[in-house]
Amino acid sequence: MIPKYRWLAAVVLLFGSISSCSRPETQGGVLAKFGCDSREGVIQQVGVTVDNRIKKEGEGSLRFAVGEPAVLRLFETGDIDIENAVLVYQANLRTEDVQGRVYLEMWCHFEGKGEFFSRGIDRTVSGTVKWTQLEIPFALKSGENPDNVKLNLVCEGSGTVWVDDIRMVKRAG
135 MIPKYRWLAA VVLLFGSISS CSRPETQGGV LAKFGCDSRE GVIQQVGVTV
185 DNRIKKEGEG SLRFAVGEPA VLRLFETGDI DIENAVLVYQ ANLRTEDVQG
235 RVYLEMWCHF EGKGEFFSRG IDRTVSGTVK WTQLEIPFAL KSGENPDNVK
285 LNLVCEGSGT VWVDDIRMVK RAG
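Everything in the sequence shown is counted per my numbering, starting at 135 for the first residue and increasing by one.
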């Protein structure tokens, strides 16, 4: 009887250790979350509406009707406390009749050094897609701490794009 319980305990421990490896954000956590229930805090106010019918979470999502290629400026963080880690920009996107690619773009500003970017050109959506989470990383070395981070959405063509549940996540470097 006792060997059965040992085997069961081993299976439970193994399952617990495997499932804990599947959540990378627990190594650092969510640094910031940007609500898309209103236009409050959104940098680009022209061409954006709040859609209370189509949303991933919360009360609404930001909807952009894009007629030509554009960089949609969403949010800026100001100074954040992170270094020697990977800064991850996550957002949920939905598209309708998009011609061209849509992807995330993040600009990190470092005092005295300038701006550096990360673009998700290898993680894009186009056409008509249901909610899809995209993310892009920016690796920071020891002593590298951005004093501002700009979160953008790049549309290389025309169509309708919704964005919701935007997060900045810290992961171990």
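Be aware that one or more of the hints could be misleading.
What the hints assert, rightly or not - Derived pair list, reagent style DSSO-like, types lysine-lysine, alpha-carbon separation capped at 30 Å: (1) 284 with 247; (2) 275 with 167; (3) 264 with 167; (4) 190 with 275; (5) 190 with 264; (6) 190 with 167; (7) 190 with 284; (8) 264 with 284; (9) 284 with 167; (10) 264 with 247.
Claimed, not checked - If you anchor each label on the Cβ, the simulated ranges turn out as follows: (11) 217 with 173: 14 to 22 Å; (12) 276 with 201: 16 to 24 Å; (13) 307 with 230: 14 to 22 Å; (14) 213 with 233: 35 to 43 Å; (15) 234 with 275: 17 to 25 Å; (16) 187 with 279: 39 to 47 Å; (17) 266 with 167: 36 to 44 Å; (18) 262 with 183: 16 to 24 Å; (19) 292 with 186: 32 to 40 Å; (20) 306 with 267: 29 to 37 Å; (21) 234 with 213: 28 to 36 Å; (22) 277 with 187: 26 to 34 Å.
These are computed hints drawn from the structure, not numbers from a lab.
For every residue, glycine included, the Cβ atom is placed at its ideal position computed from N, Cα and C.
Here is how each hint holds up against the structure:
1. As the CA atoms of residue 284 and residue 247 are separated by approximately 16 Å, the hinted pair is consistent with the 30 Å bound.
2. At roughly 23 Å between alpha-carbon atoms, residue 275 and residue 167 fall within 30 Å of each other, so this suggested pair holds.
3. With a C-alpha separation of about 21 Å, the suggested pairing of residue 264 with residue 167 holds against the 30 Å cut-off.
4. For the hint linking residue 190 to residue 275, the alpha-carbon distance of about 33 Å lies beyond 30 Å, and the restraint is violated.
5. This hinted pair checks out: residue 190 and residue 264 have alpha carbons roughly 10 Å apart, not beyond 30 Å.
6. Restraint check for residue 190 and residue 167: the C-alpha separation of about 14 Å stays at or below 30 Å, so the hint holds.
7. The hinted pair formed by residue 190 and residue 284 meets the criterion: a straight-line CA distance of about 22 Å does not exceed 30 Å.
8. Proximity of residue 264 to residue 284 is assessed by CA-CA distance (about 25 Å); at most 30 Å being required, the pair is judged to hold.
9. Under the criterion of a C-alpha separation no larger than 30 Å, the hint pairing residue 284 with residue 167 is consistent with the structure, at around 14 Å.
10. A distance of roughly 39 Å separates the Cα atoms of residue 264 and residue 247; the hinted pair therefore is violated under the 30 Å criterion.
11. Between residue 217 and residue 173 the C-beta distance comes to about 32 Å, which lies outside the given range of 14 to 22 Å.
12. Between residue 276 and residue 201, the C-beta spacing of about 44 Å breaks the proposed range 16 to 24 Å.
13. For residue 307 and residue 230, the hinted distance range of 14 to 22 Å is not satisfied, since their beta carbons lie about 37 Å from each other.
14. For the hinted restraint 35 to 43 Å between residue 213 and residue 233, the CB-CB distance of approximately 38 Å keeps it satisfied.
15. Remark: the range hint 17 to 25 Å for residue 234 to residue 275 is contradicted by a beta-carbon distance near 34 Å.
16. For the hinted restraint 39 to 47 Å between residue 187 and residue 279, the CB-CB distance of approximately 40 Å keeps it satisfied.
17. For residue 266 paired with residue 167, a C-beta distance near 18 Å fails the hint of 36 to 44 Å.
18. Evaluation of the 16 to 24 Å hint for residue 262 and residue 183 yields a pass: the beta carbon distance comes to about 19 Å.
19. As the Cβ distance of residue 292 to residue 186 is approximately 24 Å, the hint placing it in 32 to 40 Å is violated.
20. At about 20 Å, the beta-carbon gap between residue 306 and residue 267 misses the expected band of 29 to 37 Å.
21. Checked against the hint of 28 to 36 Å, the pair residue 234 and residue 213 passes, with Cβ atoms roughly 34 Å apart.
22. Our hint of 26 to 34 Å for residue 277 and residue 187 is violated, since their Cβ atoms are close to 46 Å apart.
In terms of the numbered hints stated before, the structure departs from hints 4, 10, 11, 12, 13, 15, 17, 19, 20, 22, listed from lowest to highest.
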